[in-house]
Amino acid sequence: MRRQVTITKKKIDEQRCTEERELDTRSGAVVCFLGIVRGTEGDERIKSLEYEAFEKMAYHQFNLILDQVQTQWPVRSVRLIHRIGIVEAGQPSLWIEVTAPHRKEAFEASEWLIDEMKRKVPIWKKPILK
Amino acid sequence: MSQTISIQVLFHSYCREITGIDSTVMEIEDGLTIKELTELIMKTYPVLSPMKRSMLTAVGLDYLPKDYRLKDGDEVSFFPPVQGG
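Chains as they are written, first to last, in our numbering: chain A, -2 to 127; chain B, 7 to 91.
So that you can see chain B by itself, here it is in the shape it has in the complex (with noise of 0.2 Å):
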C-alpha cells in the first residue's frame, strides 16, 4: 500500500473565487508530481478545468517544474495568470 503526505493547497484570485475556497488540506499519495497533483485538482473542482491551460503553480514561493514530486508539508498555490502593473 502506498504512503500518504499531506499538502496544503491554495487558490488565489479567480481560482479562489470561483471554488470559493482560500486553502485546503489534502492527503496525496507519496511522491505525486505538480502535474499530477493539478489532474487531481481538476477532478476535484472541475469549475477549474476550463483554466487548465492557463493557470499557474507555485510550491512555497517558486515556480517549480511540472514533474517535481511534492513532498509532504509542501504549500501548493493555484492561480490565474498574473497581471501586475
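The following block holds chain A by itself, in its conformation from the complex (with noise of 0.2 Å):
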C-alpha cells in the first residue's frame, strides 16, 4: 500500500492533489474526503480554528493507523493532509484520499482511519471567534 502524510501550515491545494493521484488497473475506487472548518460552533461564531500537532507523535500515530488499514482492507494507496496553524472558516483543515479495488473497502477504510485519527493522533484545536 502506497501511504503519504503530511502534516503542514500550508494551504491544502486540492487541485494539486488530484493531478497529483497515481492509479494503477487494481484501483476500482477512490474516495476522497475534505473536512472543511465550520463558521459555527454552537451558539459561537467561528473566525478560524488554530491548530497544532505534536507532530512526531502524530506522524508516528497516522503510520500506526495506516499499518493497521493495510491488514484490514485491501487498499492500494492513501494520502492525507492536515492542516496546523490558522484555518480560516470555510476552508479545509483535512484532505483525505484512499484507492482501493472496490468502493465498499475505500468508503470503510477512510471512515475508520478518520475515526481512528481523532481518538490517537495528537493534534488539537483551538477557536478564534468572531
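These are calculated hints, taken from the structure and not from any lab test. This one's a predicted model, so the numbers in the text were calculated from it and none came from an experiment. Treat the hints with care, as some may be off.
Listed below are the simulated DSS-like cross-link pairs for lysine-lysine, each with C-alpha atoms no more than 30 Å apart in a straight line [what the hints assert, rightly or not]:
(1) Lys122(A) with Lys53(A)
(2) Lys7(A) with Lys117(A)
(3) Lys58(B) with Lys123(A)
(4) Lys101(A) with Lys41(B)
(5) Lys77(B) with Lys6(A)
(6) Lys7(A) with Lys123(A)
(7) Lys49(B) with Lys117(A)
(8) Lys49(B) with Lys123(A)
(9) Lys53(A) with Lys115(A)
(10) Lys58(B) with Lys53(A)
(11) Lys41(B) with Lys53(A)
(12) Lys101(A) with Lys77(B)
(13) Lys122(A) with Lys72(B)
(14) Lys41(B) with Lys123(A)
(15) Lys58(B) with Lys117(A)
(16) Lys53(A) with Lys123(A)
(17) Lys122(A) with Lys41(B)
(18) Lys72(B) with Lys58(B)
(19) Lys117(A) with Lys77(B)
(20) Lys72(B) with Lys123(A)
(21) Lys72(B) with Lys53(A)
(22) Lys41(B) with Lys6(A)
(23) Lys122(A) with Lys58(B)
Distance ranges between label pairs, derived from CB positions [what the hints assert, rightly or not]:
(24) Lys72(B) with Glu38(A): 27 to 35 Å
(25) Asp64(A) with Glu35(B): 31 to 39 Å
(26) Ser12(B) with Pro124(A): 34 to 42 Å
(27) Lys53(A) with Pro52(B): 27 to 35 Å
(28) Gly37(B) with Lys101(A): 45 to 53 Å
(29) Lys123(A) with Lys72(B): 24 to 32 Å
(30) Gly87(A) with Ser12(B): 44 to 52 Å
(31) Glu11(A) with Glu35(B): 48 to 56 Å
(32) Asp73(B) with Asp112(A): 20 to 28 Å
(33) Glu81(B) with Asn60(A): 12 to 20 Å
Glycine residues also receive a C-beta, built at the ideal position from the N, C-alpha and C atoms.
Relying on the hints, combine the two individually framed chains into one complex.
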C-alpha cells in the first residue's frame, strides 16, 4: 500500500492533489474526504481554528493507523494532509484520499481512518471567535 | 534508599497553556508507573487536576499502559483529548 502523510501549515491545494493522483489498473474506487472548518460551533461564530500538533508523535500514530488499514482492507494507497496553524472558516483542514479495488472497502477504510485519527493522533484545535 | 531516575515531561496544547511550561526534567523514584507519575504531576501542577480524567499520556511517541514502569531518559507527554480533523 502506498502512503503519504503530510502535516503542514500550507493551504491544501485540492487541484494539485488530484493532478498528483497515481492510479493503477487494480484500483476501482477512489474516495476523497475533505474536512472543512465550520463557521459556527453551537451559538458561537468562529473566524478560524488554530491547529497544533505534536508532530513527531502525530506522524508515528498516523503510520500505526495506516499499518492497521493495510491489514484490514485491500487498500492500494492512502494520501492524507492535515493542516496546522490558523485555518479560516470555510477552508479545508483535512484531505484524505483512499484508493481500493472496490468502493465498499475504500469507504470503510476512509471512515475508520478518520475515526482512529480523532482518537489517537495528537492534534488539537482552538477556536478564534468573530 | 531508593534510586532515582531522570525523565523529561512535556506538556502540549491546553496542558502547556495552563501550566505555562512546555517541558521540564524531573527526578523521580525508579520504577514509578505512568499512573503514579500522573498523581505526582497533579500534586506538582494542581491547575491540571480538573483534567485528570480526560488527560492523555504518551511515552516517547506511543500510548502505553498506565502500569508501565518509567525508565531513565523516558520522555513523557501530557495532553488533552486529541481533536484532529
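A quick look at each hint next to the structure:
1. A hinted pair counts as satisfied when its Cα atoms are at most 30 Å apart, and Lys122(A) with Lys53(A) qualifies at roughly 17 Å.
2. For a cut-off of 30 Å, the pair hint linking Lys7(A) to Lys117(A) stands: about 23 Å separates their Cα positions.
3. Proposed proximity of Lys58(B) and Lys123(A) is supported: the alpha carbons are some 20 Å apart, at most 30 Å.
4. Of the pairs offered as hints, the one joining Lys101(A) and Lys41(B) is violated, with about 41 Å between alpha carbons and a cut-off of 30 Å exceeded.
5. Between the alpha carbons of Lys77(B) and Lys6(A) the distance comes to roughly 35 Å, so the proposed pair goes past 30 Å and is violated.
6. About 18 Å separates the Cα atoms of Lys7(A) and Lys123(A), which keeps this hinted pair within 30 Å; it holds.
7. Restraint check for Lys49(B) and Lys117(A): the C-alpha separation of about 26 Å stays at or below 30 Å, so the hint holds.
8. With a C-alpha separation of about 27 Å, the suggested pair Lys49(B) and Lys123(A) falls inside the 30 Å cut-off, and the hint holds.
9. Among the hinted pairs, Lys53(A) with Lys115(A) is consistent with the structure: their alpha-carbon atoms are about 17 Å apart, no more than 30 Å.
10. Distance check on the hinted pair: Lys58(B) and Lys53(A) sit about 24 Å apart at the alpha-carbon level, within 30 Å; holds.
11. Between Lys41(B) and Lys53(A), the direct Cα distance comes to roughly 23 Å. Compliance with the 30 Å bound is thereby established for this hinted pair.
12. For the suggested pair Lys101(A) and Lys77(B), the alpha carbons sit about 45 Å apart, so the restraint of at most 30 Å is broken.
13. Our distance criterion of 30 Å between C-alpha atoms is met by Lys122(A) and Lys72(B), whose separation comes to about 26 Å.
14. Of the supplied pair hints, the one linking Lys41(B) and Lys123(A) holds, its CA atoms being roughly 28 Å apart against a limit of 30 Å.
15. Taking the CA atoms of Lys58(B) and Lys117(A), the gap is about 18 Å. The hint holds against a cut of 30 Å.
16. For the suggested pair Lys53(A) and Lys123(A), the alpha carbons sit about 20 Å apart, so the restraint of at most 30 Å is met.
17. A threshold of 30 Å between alpha carbons decides the hint, and for Lys122(A) with Lys41(B) the separation of about 26 Å falls inside it, so the pair holds.
18. Proposed proximity of Lys72(B) and Lys58(B) is supported: the alpha carbons are some 13 Å apart, at most 30 Å.
19. Proposed proximity of Lys117(A) and Lys77(B) is supported: the alpha carbons are some 23 Å apart, at most 30 Å.
20. At roughly 28 Å between alpha-carbon atoms, Lys72(B) and Lys123(A) fall within 30 Å of each other, so this suggested pair holds.
21. A hinted pair counts as satisfied when its Cα atoms are at most 30 Å apart, and Lys72(B) with Lys53(A) qualifies at roughly 22 Å.
22. For the hint pairing Lys41(B) with Lys6(A), the CA-to-CA distance comes to about 35 Å; that exceeds 30 Å, so the pair is violated.
23. Using a Cα cut-off of 30 Å, the hinted pair Lys122(A) and Lys58(B) holds, with the two alpha carbons roughly 20 Å apart.
24. Lys72(B) and Glu38(A) have their C-beta atoms about 32 Å apart, which keeps the hinted 27 to 35 Å range intact.
25. Look at Asp64(A) against Glu35(B): about 35 Å separates their beta carbons, and that is inside 31 to 39 Å.
26. Checked against the hint of 34 to 42 Å, the C-beta distance between Ser12(B) and Pro124(A) comes to roughly 38 Å, which is consistent with it.
27. Range check, Lys53(A) to Pro52(B): about 29 Å between beta-carbon atoms, so the 27 to 35 Å window is met.
28. Taking 45 to 53 Å as the suggested C-beta distance range, the pair Gly37(B) and Lys101(A) conforms, at roughly 49 Å.
29. Range check, Lys123(A) to Lys72(B): Cβ separation about 28 Å, and the 24 to 32 Å hint holds.
30. A hinted range of 44 to 52 Å holds for the C-beta pair Gly87(A) and Ser12(B), which are about 47 Å apart.
31. Between Glu11(A) and Glu35(B) the Cβ separation comes to about 53 Å, which falls inside the hinted range of 48 to 56 Å.
32. Range check, Asp73(B) to Asp112(A): about 27 Å between beta-carbon atoms, so the 20 to 28 Å window is met.
33. Distance hint check for Glu81(B) and Asn60(A): the Cβ-Cβ separation is about 19 Å, which falls inside the suggested range of 12 to 20 Å.
Of the numbered hints listed earlier, those contradicted by the structure are 4, 5, 12 and 22.
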